[in-house]
Amino acid sequence: GESVGLHLPTLSVQEGDNSIINCAYSNSASDYFIWYKQESGKGPQFIIDIRSNMDKRQGQRVTVLLNKTVKHLSLQIAATQPGDSAVYFCAEREDSSYKLIFGSGTRLLVRP
Amino acid sequence: DSGVTQTPKHLITATGQRVTLRCSPRSGDLSVYWYQQSLDQGLQFLIQYYNGEERAKGNILERFSAQQFPDLHSELNLSSLELGDSALYFCASSVAPGDTDTQYFGPGTRLTVL
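Note that the protein sequences, when read in sequence, are chains A and B.
Mapping of the first sequence onto the working numbering: residues 2 to 113, in sequence order.
Mapping of the second sequence onto the working numbering: residues 125 to 238, in sequence order.
Watch out, some of these pointers could steer you wrong.
Cut-off 30 Å, straight-line C-alpha distance, at most; resulting in silico cross-link-like pairs (DSSO-like, lysine-lysine) [what the hints assert, rightly or not]:
(1) B:K181 <-> B:K133
(2) B:K133 <-> A:K57
(3) B:K181 <-> A:K72
(4) B:K133 <-> A:K43
In short, the hints are calculated from the structure, not lab data.
Owing to the predicted nature of the structure, the values given are computational and were not obtained by experimental measurement.
Only chain B is shown next, with the shape it has when bound in the complex:
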């Protein structure tokens, strides 16, 4: 158990809908990262937050957004869902984006868009 929690574990929804994925980082970690893992594209970095502020952005679609709250939990919002958005979504956390940045991953949320 990495100490990172994610909810829900599974999510099934329809195209065009909007969903929110939630992540709680490890105790003491200030930085949160979101990744998407699909069968054909592996693990793709989406976005990073540090202490409430966006720090880095990767291959995140405009239909997706995220935020980190004062209690350091983070939410990833996915809207206008398409079939291709079906994937595993992982959250990771680290103490701070520093010299060595070991990221600890949560168990993931499996999103299925029908």
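Next up, chain A with everything else stripped away, as it sits in the complex:
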């Protein structure tokens, strides 16, 4: 399928290494954050979320860190696999609305 965001920042990692994808969010009133993974030709797929009253949350091979002081969110993927290659988006939700505001995305390439 057609690539989304041909000029996205790209992170290239070796298979088996850990990956860290960063995201700066814009609104200090945002209370809920989500990471999505989007493979070529598919819709965004939910990975992990975190509420603003937490600073860390772990899932299977993934960890999300939230630093509200500097409005920064990161996604750590342990033992990165070829199937992790995709575009990753962070999204924030304001506590006064229900809409998600998406970041511009980062392309993760996993080298075999």
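Given chain A's structure and the hints, the job is docking chain B onto it.
What follows is chain B alone, placed relative to chain A:
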């Protein structure tokens, strides 16, 4: 598979035309969201419905409209189409717009306006 379905998968039409995109949410989800994804603007929120009523509005053009039906499926209507409307259109659904609002996305409809 997220459980959200969208039809059609691809749509090719001409400028000035009108099209309707359809979305069926996951079973049990009451809220539906529409997003537009273009190469130069990323994922943009368009509009949200909850149980048949409009709940939030984003960057949706006046030429676009949407509705959610009693069976909870939703349609996005795009009229007077322009070349710049070519994009991927995603529907997402969630149980309800609540404390944590995990949205599950469908596979999208790729619209090409010639």
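Check: Of the hints given before, which are not true for this structure?
Finding: The structure conflicts with hint 2 only, although it agrees with all the remaining ones.
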